[in-house]
Structures are given as C-alpha cells and as structure tokens.
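Please arrange chain X on chain V, whose structure you already have, making use of the hints.
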Amino acid sequence: MEVCKVKTRKILNVLLLSVLCLSVGFASGNQEKMDDDILTVYAYDSFVSEWGPGPIVVPRFEEATGIKVNLVSVGNGGELLTKLELEKNSPKADVVIGISHELLSKTLSSGLFLPYESPVLQDIPISLQFDETHSLLPFNYASYSFNYDSEELEDIPTSLDDLLDEKYKRSIIIMDPRTSSVGMGLLEWTVKVYGDDYLLWWEGVKDNILTIADGWSSGYGLFTEGEAPIVLSYITSPVYHLMYEDSDRYKSTIFEEGNYVALEGVGIVKSSNQKENAKKFVDFLLTDAQLDIAIANIMFPANKHVILPPEFATIQEPIEILSLDHDVINTSRDTWIKEWVEVMSK
Amino acid sequence: MSIRSRDNQKTSILNASRFYRNLSTPALLILTFLFFIPLIIVLSKAFVDENNTISLKVFLTLLTDPYIIRVISFTIMQAALSTIGALIIGLPGAYLLANYSFRGKKIIKAISAIPFILPSILVVLGFVIFYGNKGILNSILIALFRLENPPIQILYTFSAIILAHTFYNFPIVVSIVSNFWSNMPHQTALAASTLGASKRKVFTTITLPRLVPAIISASALVFLFCFSSFAILLVLGGGPKFTTIEVEIYQRARMIGDINGASALALISIVIAIIILFLYLFTQQKMSNTEELESTMMKNNGVRKIEKLRNKFIVTLYTLFTSLFVLGPLLSIVHRSFFSQKSRSAAMTFTLDNYRKLFISASAIDGIALQSLTNSLIIAFIVALSSTMIGVMLSSRISSSNKKDQLGLEIFAMLPMAVSSVVLGLGYYIISLYQVPISSFKIVLVVLAHVVITSPFVLRSMLPSYRRIPFSYRQASFTLGANVRQTFFSIEIPLLKGAIATSAAFAFAISMGEVNATLVLADSSIITLPLVLYRLIGSYNFASACALGSLLMGICLLIFLAVEFIKKEN
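Listed in order, the protein sequences are those of chains V and X. The first sequence begins at 1 in my numbering and counts up one residue at a time. The second sequence begins at 347 in my numbering and counts up one residue at a time.
Just chain X, same shape as in the assembly:
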C-alpha cells in the first residue's frame, strides 16, 4: 500500500464520523422542533398544580388513586397478552417465510402489512362485519349448520381485544423475525447437523437462541402499539372495564380540559414506554453485534421448497387460517363497499353506487373524495421521500457513533412511537397559541409531523440493515481510494436498497392513514382521505366509507407489492 493511499484512508475514517454527523443534522433538527419541544412543553404542565405553582401534587393524586393504578396495570396486562397472541400467530409465519419458498409468498407479505396502516375505526367495523353477531362468519355458519343463534360470540369481550390486537400486530412479528431469520448465516446450523445433531437439537440449541433478540425486539414493538390502543379497546372490549391510559389522557385533554392531569398521565405512560424501548434497543444492538451480513451467497441457502406431504398440509393449514384471520375483516370491508340495500329492509345487492357517490355524485361534495385522494397521495409521497432520507441519515449517524451515544440517539429517534398522538397533538396545539404564524404553512407542518410520526418506523427497518453492512466493506472501499461520500453513495446506499424500499412503503402507508396530527395541525383545511373516511362514518354513510377504505387498502397493497418486487430484484 502506498503511503499516499494510507494517508488517504486515515483522513477518510477521520472524516467519516464528521460526514455522518453532518448528515444527520437536519433530521435531528426536525425531530427536536417538531417532536421534543412540543413534547416537553406538554410534559412540563404535569408539574404545575391548579394554583399554577410548581409541585408534584398532580402526580401524587394520580398515583394514589386506586382507579388510575388499575388503569395502568390493565394497560400493561392487555399489551402483554396481546404481544403473546401476536407471537403465537406470528412465529410460525416467520418460520415459513424464512425457510421455505412457495407460491404467493410475496402477496402474503404485502397483505400482512395492511392492517397495520388502517385507521382504527375501519378495523373495528371490519371486525364487526366479519366476526359480529350478524357478521359474515356467523351468517355462513348459521346457514351451514342451520343454527339458531350466532355460534361465534367473541366480540365485546376481553378476547375480542386480544384478537383485534393480534390481527393488528402479528405482521410485525412475522416481518421482523423472518427478515432476521432469513439473513442469519446458515453455516453454524449446517455445521451442527453435519456433526450429527438432530433437527430438533439444531433448532433448540443453535437457531432459537440466535432468534431471541429478534423475537424480543418484535415483542417490544407490538407491546408499544397495544399499549397506546384506544378505539379498539373501547368498542370491541365493550366498555370501561377495559380502560387504558390513552383513554384517560384523551378524556382529560380533550373533554375536561385538565391539561395538567393529562400531561402527568402522558409522562407516566412515556416512562413505561421508554423502559420497553430500552429493551427493544438493547436487543437490537445485540442482534447487530452477533450477526453481520455474511456473503450474500450464503443467504439463500436455507430457503427450500416444501416437499413432504405432511409439511405441505401444515403450511396450507396455517396459510388458510391466517388468511381467514387477516383477510376476513379486510375483505368484509371491500365486500360491503360493493353492496348496498335498495332500502334498509331489502336484501343486499351488488352495486357500484358507493364508489359513484364518492367520485361522480352531483352534490355539494363533488370531487371531495378525489381531492382528498390527491392530497393524501402528495403528502404521503413527500413524507416517504423525506423520512426515508432522514432514516438513512440517522442510521448512518447512529451506527457510526460509539455504543453509549448510539443508545441515546436511538431512544431520541424512536421516542415518537412511544408517545400518543393525543399528547403530540396537544403539544402542537399549545405551541400554535404562541402566535407562531403557522397557519400559512399548515401543509408543511402536516408533512413534517408525518415525518416525525413515520421516522421511528423507517429507522426500525433501516438501522438493522445498516448495521449488517460489514465494517470490512467500508474499510475495503477506503483502501481502494474511495472517499467517504463515494463510499456512502456507491457502497452503503445500494446495499440498503431493500431496506429503503420497505421504509419508504411504510412511511407512505402510515402517512396515508394518519388522521390525528393532520386534524390538529391543519384544523381540517387540508382534507385527507382518512379524514373524509371518518366524516363519512360520522354522517351515516357507512357503505361509502367502506368504499374509500377499500381504496386506501388497494393503494397500500400496491405499494407493498412493489416493494416485494424491488427486494426480489436486489
């Protein structure tokens, strides 16, 4: 190696950290201004009592109230059970996707991402149309077995909550665990079985222990989502028996105007969420330390076709079951969107009226659906673009800093996921009172808020892939004389293509379905698709809401399918 190139490499590595630090500045700025400042403003209200003096009184009253304690422990309990449910349904799926190749794999992956982005009111109604007392499932069973009463009465009980949460979240388990699993180097397991270990032994002593970090990190995410669940719990659970912290926050912040109490509760829930986040991040780091992306050649060796008849049967059974489970409620929404009654007493007949009403009706609402669709698509596009960029910037920064900084930065970047949109909305609200001239930049604010909301998800799918890029690649690139910029753009970015595509899709889909922050920030001057959807349901137009919901699902399905194909090309 010539002296010149060695010098070159030295400066490169020195510059590398500076390069990545600069790279992440815009991302950190956005997060600070659009997330942390509003959050801190809200949370600071928790330390003020009704006489406007600083005290811990609000906390003490809350934490000594047996009702609040019950709410907190119920919130944790239901989230834990839902997580277990998601693992039970999700892990077999992860196993299948990681180890076998079969027809329809891509479609399964794409479909399983959909529940995740649906507005919760649509999930609730989809569940009711499918599992309800007069639902599709019960009607079929009643007709088949000539029953008198609906045989499946699962809704409006505690089990319904767990069922809905499982439905919502098991795709997270499938995607995280299967991704990790299929990227796991295969040699160790291969070596073990060459040395005579039985299949079961290989699984329990080699594969499973290595999967634990992936399982824990998926669980932590699922737990966080269920932790802040709201409408699903109230409607499908059947009432105040199942009150979560989120409901209490909503009631205090929006209905009573008890901002101090709401802030204190928000702080309590954030502390719990941070503990879970720690767990998640800790295992994430572990995952990246133990497994580096080995040669891509080895990667696919583990994937095989299903040959044994028994296995085929099991696979089919699982696929059928999950399809029924996931597709049931989703297809119910699509189904309903194509049917309507001539009058309320008549039978359901096939019709395109619900769609026609949205797009070509001749009333005052002409074109509103189309306009909301365009708005949503544009916003989602910009959000996907920006948050993916921010995701890349942040992950490069995070993975190039030292351990301690890493954890801090990651918590910083993942925290938006742990904060309920009611709390965040409240923060924006309070800030907008300080004569900040935001009204003319509503759309920018909406986009930025969506970026904040989506960035943890982007980071979640980006960072593990970024960490898997072996350091030796970077070293080699520097050795060969490339500078930091070249390395970043021509080595790292191409290696991240799959992760970038996934992140962009998630950001797009989440932005398409977001309604809370949009409503607060734009006070409805920007009409988005989910907003119209809520309004339709709120004005007796249930079937048209289903039509719009189907449209939303269709768009997201297309996006996720596109991602699967981009990944394949990689």
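Same shape as in the complex, but just chain V:
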C-alpha cells in the first residue's frame, strides 16, 4: 500500500512538474534580462501597443545610443501615478511617459520626480510647459473636441452651449470621468468655462447624451459604427482617418469659448540610478522621436521644429487653449466627480 501511495504521488508530482517545466521553458523564451544597465520606462498601454509609438521609438533610441530600454505598459494614463506611488518603497522605473498635466499637483507632491532642465526645452513653446519645476516635460498635446460625422450632422455645434440644444437629442457619446481621462477632460472643460455653474450644463446636456462609455476606445468605436453623430474625442482624431483611410468624413470642432487641452508629460524618477541615460532618453523623446510619436498618437508634438505630414495642417487651431490650474484640480477633482455622478445618475 505504502509503495503504491508513494508511486501515485510520484506520478502526480511528475505530471505537475512537467507542466511547470513546460511553462518555465516557455518563460525562458520570453524572459528579459534584468541587468542594471537597462533603462526601465513606464508608459500607458497605447504607447507600448504595437500601434503606438513605443515599438518605433525605442529601437531607434537603442540603436542611436546603445542603451537598452525595457518599456513597460502600465494600464491607462491615470494609472501611472497610482502605480508609482504604490511602488515608492521599491521603485523600478527610471522614466515615466504619459502623466497628464492635470495630475501635476499630485505628481509634485508625491516627490517622486527629478526636475530636469533639458536643453530641448528652448524648442518647446512656453505655453506648453505646464510644469515650472520641469519635473514633467510636455512631449505631446491635443485639445479635446466634439467630433462629428459630416454625413449625418448638418448643424455643427460651435460652443458648449450649442450642445444643449434639443436638436442634438440622444446624439452625443461621451466618456465617464471616473474611468477615462478623456471623460475627466470634459468635466474640467465645463468647470473651466462655467465655473461654479458647471452642473447646470450637465443637467441640460443629459437628454442629448446617447451613452457614457467607460473609455475612449469603446466610445469612439460606437461613433464610427454610426450610433451617434457626435463624440467626445481629440481635435486631431480626423488626421487618422485622413492618413490611413483617406476619408474626411469625420471632423473636429473648435468652440467659441475655447477647447480644453490634454497635455502629456514625461518625467525622470528621482530614485533612478541611471539618471544620465534617463536624461538622454527624455531628450531623444523630445527631439528625434517627436514625429513618430505624433503620427502614432495622432497628437501634436511639443517640439515646434517638427515638420508634420500635411494631414495635420487640416486641423484648425482652437480659438483658445483652455486648462485649469492644477492645484484647483487637485483639491476639487473628487468633489466634481461626486457632484457629476449625483447629477448624471438622477
């Protein structure tokens, strides 16, 4: 009996072991070496994505400098800072790509970033340099915009107030500020324009909203499927359809009161033990990589010397580029979301 029990256990152990070996064997194929001289870069997932700038920019940097880069995807943009704060006792990242300007206060108060006065800053318009301490350096930007389907919509809205009109009943797709940074952008946009009365706008627009998507992807997917003629997106989105689909069907709008801006920054983590390499990477990102980033992200590059493909020239400049003070955002963000949910869920 004993013998046979041992035997059974052996068989099962061998089976389990072989499964584990199989996985380990498979793992070793995928494994990257964790040497000290590899620069670890955190970015939001669509930057790392095959269709994002990461796979083009990183190899070019490695080739140019000989510095190896480990590009790590960290969910969506809003999650970057959360992850860094969780990790603050055992930091892994050297460079972080994609923290948006509205999180600046939170970023600065975390004390996790190293101010870096890059020589490239002189090529970046002052208006884009949202962080005076240069802990976060802007690398691309685009205004938010209500984009429309020109084959479905005749009356083009020209202001936030326009969107309250009855003729747009169930015609607008937006995103939820609780789960999407684009959605949060719109919420801040309305606070910027209407101040304390912003909830009145939301109250009024409610019936015109078809649905509030969890993220930009599903929302924009619904829009191109024809579910609604208006969608919250970026002012630059039509460039994609022009460049890759040769279509000018989808257009963006500029609003009288101005369009709220999405600025994305890159920063060096203070605890990095390869600060020089990190600086090289940031400089590269702000110079040689700018065109690739702009084309893959469909956003404007921060560096003013970049020569863009002609499709970008079709995008109108916003009448005014709006943004809220980051300290105000930091203190009031949670309240806005709470009040927003209260109004929108009635």
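Just so you know, these hints were derived from the structure itself, not from any lab. As the structure is a prediction and not an experimental result, all values here were calculated from the model. Accuracy of the hints is not assured; some may be wrong.
Across the chosen pairs, the derived CB separations fall in these ranges [unchecked claim]:
hint: 1; chain 1: V; residue 1: SER332; chain 2: X; residue 2: LYS403; range: 20 to 26 angstroms
hint: 2; chain 1: V; residue 1: ASP165; chain 2: X; residue 2: ARG416; range: 27 to 33 angstroms
hint: 3; chain 1: X; residue 1: ILE488; chain 2: V; residue 2: LYS88; range: 55 to 61 angstroms
hint: 4; chain 1: X; residue 1: ASN495; chain 2: V; residue 2: LYS304; range: 45 to 51 angstroms
hint: 5; chain 1: V; residue 1: GLU154; chain 2: X; residue 2: ILE912; range: 57 to 63 angstroms
hint: 6; chain 1: X; residue 1: ILE777; chain 2: V; residue 2: TYR244; range: 39 to 45 angstroms
hint: 7; chain 1: X; residue 1: ILE430; chain 2: V; residue 2: THR335; range: 34 to 40 angstroms
hint: 8; chain 1: V; residue 1: GLU154; chain 2: X; residue 2: ILE488; range: 16 to 22 angstroms
hint: 9; chain 1: X; residue 1: ILE777; chain 2: V; residue 2: GLU339; range: 35 to 41 angstroms
hint: 10; chain 1: V; residue 1: GLU117; chain 2: X; residue 2: MET694; range: 49 to 55 angstroms
hint: 11; chain 1: X; residue 1: LEU723; chain 2: V; residue 2: ASP246; range: 34 to 40 angstroms
hint: 12; chain 1: X; residue 1: LEU663; chain 2: V; residue 2: GLU154; range: 39 to 45 angstroms
hint: 13; chain 1: X; residue 1: LYS914; chain 2: V; residue 2: GLU339; range: 56 to 62 angstroms
hint: 14; chain 1: X; residue 1: ILE777; chain 2: V; residue 2: GLU154; range: 51 to 57 angstroms
All residues carry an ideal CB built from backbone N, CA and C; glycine is no exception.
Below, chain X without anything else, positioned relative to chain V:
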C-alpha cells in the same frame, strides 16, 4: 470473502482519504499562494484609515454614504433581474436539450458557450453592430418596412443591460439544468405516469421539484457574473445611472489610488458574493445527495424525437429565436471582419484585408497577431491541462471529506469566481512590490493566475459528476482487490471523461479570453490575443479587431465542438 481481501479493503478505505488528501495538496497550495495571500493583503488595507491606524472608519464612511448604498442595491437589483432573464430564456432550452434529440443539438450546445468567453468590449461592440441604431437588425427592418426611424431602440437603456446579461449568461442555465435533467433517473416519473398521473402533474410534482436545486445553482452562478459586470453596464446602459460596485472599485483602485476605499468595497462585495456562493454550494450538495448516477442504461430513456407538429413548431421557434439572439451579435462581429469601406463614405465591400493586415502586413507590427495567437494557445493549453488536473484533485478531496469540510473547501475553491479581477490584480500588484523576483517568471505567474481564475469553473463542472459516481462503485472496486490508486485511475477517471473534457474546454476558452490578470502580471511583455484585440480597438482598427475576435470565437467553437463529440463517444 477471504480474510485477506477484507483486510485489504479496510486498508484501502483508510488509505483512500489519505490518498485524496495528498492528491489535493498542490491545488490547495496554488490557490493559497496565488489567490488567498494576495486577496488577504488587499483586504487588510480596508481596515487602515488615512493615518495608517487600524480602524473601521473606511467602512463606516462607505456604509453611511447614501450614494454607495444606492450603488450596492442597484448592483444586487440588476444582477437579480438579469438572472431572471437568463432563466426565462435558458429553461426552455434546457428542457429541449434534456428531453429531445434533434439535429444540430451539438452545435447549439457549442455555440451557446461562446458569449461566455468573449472579452466584454467585443460583446459590447457585437451588440452595437447588431442591435444598434445603425445596426444590422434595424437596417433590415427599415429596408423591409420602409421605416424612417430605427424601430428597435433598445440600447443605452436599462433593458439593454438585462438583454446583454441574459445573452451572456443564459447558456449557463441551459448547460447546468439540462445536464442535471438528462442525468436524472427516469423511473420515478415513469412510475408516476404508469400510476395514472397526467403529464402536467408528473412535471409539477415529480420533475420540477427535483430540478429546483439545479435551477438555484445555475441562478447563483449567473447572479455572481452579473454582480461583477462592468463595461457592459456602463456602455450599454448609458451612464452613471447604472453604476455597480465594480466600477467604484475600479475607479478607486486604478484612477484615484484610494486603495483603502477600494479594498473596503471589495470586501463588501465579497461578503455578498459569499452569501450567494453558500446558496449555490448548499444546493449543489443537495443535488448530489438526492441523485446518484443510476445505471447508465436508464439515462437516455427519456430522450426522444420530436414528433408532434405543434411541438416541432415550438422547438423551431425557440431555436430560431435564440439563434437570432445569440448568433446575431456574434455573427455581426464575423460579418464586420470581412467587410470594409474603401473610404469612410463608401459602401461596405467584401474583403480579406482585415485578416491580411493582421497576419501579412508589412509594417512594424508584422507577425504580432500570429505571435499573440501562439502565446495564447500555449498558455491556454497549459492552463487547461493544469486546471483540469487540479479540478480532479480538488473534487476527489472534496467529495471524500465530511460534510462540514466539504462546504469549507468548496467555498475556498470557488471564491476566485466571486472576486473581481481588479481586486485580484491589485493584490498581485502589491505583492510584486515586496521585491519578489517575479519578473523572470512572468509567464509562469500568468499561467498560474489563469489556473486560479479557471479553477472554479473546472470544479463547477467536475464536482457534480464526481459526486454522482456511486459509492458502491468504489466499494466494489476495493472488494475486488483494487487499491485506491487503481480505483482512482481506472474507475473514477474514466467515469469523469465527459466532465474532464468540458472542464478542459472551459479552462482553455477562459484562458484564451482573459486580459486583466495577464496585463497586470506580465505588464504587457507577454502579448496575448485579447490584449492585441483591445489595442486594435484602442487604435482605430476596429475591423481588424473584429477579425481577431472572429478568430478567437472560431477556436473556441472548435474546442467546444470537440468536447461534444468526446462526450458522445462516451
């Protein structure tokens, strides 16, 4: 019986429990390390307030917030309604599958398992392409009846949520109830009708009461799934009116970084889920106590051909309806994958471009789809193998222990199903901060995490079958001189073949479609098929995402069909 063999039997039974206990150890170890420790680490944060002192403050703030209370009650309400929806659509199907044999039965079974494994973003888009304002259904109706406005405006309302949840979950009802029904001994009903009871009376007094445990256990599962639903609710429901606990957890954990609040909410939802799990497990045990697998000869006696014209009509109607309901959104995805527009304004034309783009395009993303496909297939294969083994081990352990232990063990093993992947991901996240050198073993971690995620499903289909193996078989085997090992491998395992095949298929399919845990654990260094799919949708490549989604569905359909044929051979 000789003295020797009697002794033999005694030792065998003694050894049996030890054998099964040893058998389950690896499974319990994996669950402990990959599920319970991360979970406990996350949940412990719920008892810490912002000053890092231990208190119940976080809970008190949450539970006195009328908004949170509203969210909790809405979560429960929508899950309950969705469950009712799934029962309404699922029970007739269960009846048909259990009692009649007809052509295409296998295909129906295989197809109905598909929605279940699709990434939710694809379900949402499939729904939109089919039921949407510009969707296929509306376009057909508009063309047929020359209407001006889309006649079906069901999306972006509360009904859309229930519809989508029903679509997602009624196959669970069909599969659990029909399995139970067709294995139910037929004699009692036969006896009743011999004694003169009318058909209706037999159904209401004999069949239905015996089905109740199966119905309750299916309902409990459906309820759990709807309980943690997320994207479907937000997009198809139309907005924050329909916020569930899961959305709140996601927002706090990922966007605000309020880990304490997220943990407290997670704990609240887990407590509710455990109550439901109790209900499920309790009825499961009841099911196994009342029904033992009788002789296999009797089993199929109840299945008959449909003869009456009226019945044929009803069956056809139901099949048509469910096909439209399930296949509509699924086929919409396939349809879209073969069509594209020359330009955005042009008409849709048939093309293979979307597939070509994925596999033979000449850009930087060369081969990425193929690589993700290989990765996913390998991972899914290993996961299916390991979790089926673990499932067998756990079910043998569970069914050979006493009642009280059984319940505890089952809760332990089923709990992963009740915990949202956001919470689990957070746990892995926190652990990875403790300098655990996981980075070189990412793929192992991904596989193990998938095993944890799939094991409740495996157990769910394995355990009832295991329990149905009559104890007398084991006794007979021992009496005839076989030892525990022999009994296990040559009596129990062969009897479980069907259940093993089903479990393996589910584990495979779920692993193929899993994206959350993979992303957290492998921080995208391992590219899987659903990950590429998400990225495609996120980068304007909607049609190619449909192509990849169709591929995913095709693979899973093949797997499920294979299972149906293995079962038949049994």
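Okay, the hints, checked on the actual structure:
1. Our hint of 20 to 26 angstroms for SER332 of chain V and LYS403 of chain X holds, since their Cβ atoms are close to 23 angstroms apart.
2. Remark: the range hint 27 to 33 angstroms for ASP165 of chain V to ARG416 of chain X is upheld by a beta-carbon distance near 31 angstroms.
3. The hint said 55 to 61 angstroms for the Cβ distance between ILE488 of chain X and LYS88 of chain V, and at roughly 57 angstroms that hint holds.
4. The hinted window of 45 to 51 angstroms between ASN495 of chain X and LYS304 of chain V holds, with their beta carbons roughly 49 angstroms apart.
5. The given range of 57 to 63 angstroms is respected by GLU154 of chain V and ILE912 of chain X, whose C-beta atoms sit roughly 59 angstroms from each other.
6. Distance hint check for ILE777 of chain X and TYR244 of chain V: the Cβ-Cβ separation is about 41 angstroms, which falls inside the suggested range of 39 to 45 angstroms.
7. Between ILE430 of chain X and THR335 of chain V, the C-beta spacing of about 38 angstroms keeps the proposed range 34 to 40 angstroms intact.
8. Against the hinted window of 16 to 22 angstroms, the Cβ-Cβ separation of GLU154 of chain V and ILE488 of chain X comes to about 20 angstroms, which satisfies the hint.
9. Taking the beta carbon of each, ILE777 of chain X and GLU339 of chain V are about 36 angstroms apart, inside 35 to 41 angstroms as hinted.
10. As the Cβ distance of GLU117 of chain V to MET694 of chain X is approximately 53 angstroms, the hint placing it in 49 to 55 angstroms holds.
11. Checked against the hint of 34 to 40 angstroms, the C-beta distance between LEU723 of chain X and ASP246 of chain V comes to roughly 36 angstroms, which is consistent with it.
12. For LEU663 of chain X paired with GLU154 of chain V, a C-beta distance near 44 angstroms keeps the hint of 39 to 45 angstroms intact.
13. As the Cβ distance of LYS914 of chain X to GLU339 of chain V is approximately 59 angstroms, the hint placing it in 56 to 62 angstroms holds.
14. For ILE777 of chain X and GLU154 of chain V, the Cβ-Cβ distance of about 56 angstroms falls inside the hinted range of 51 to 57 angstroms, so the restraint holds.
Violated hints for the displayed structure: none, as all numbered hints are satisfied.
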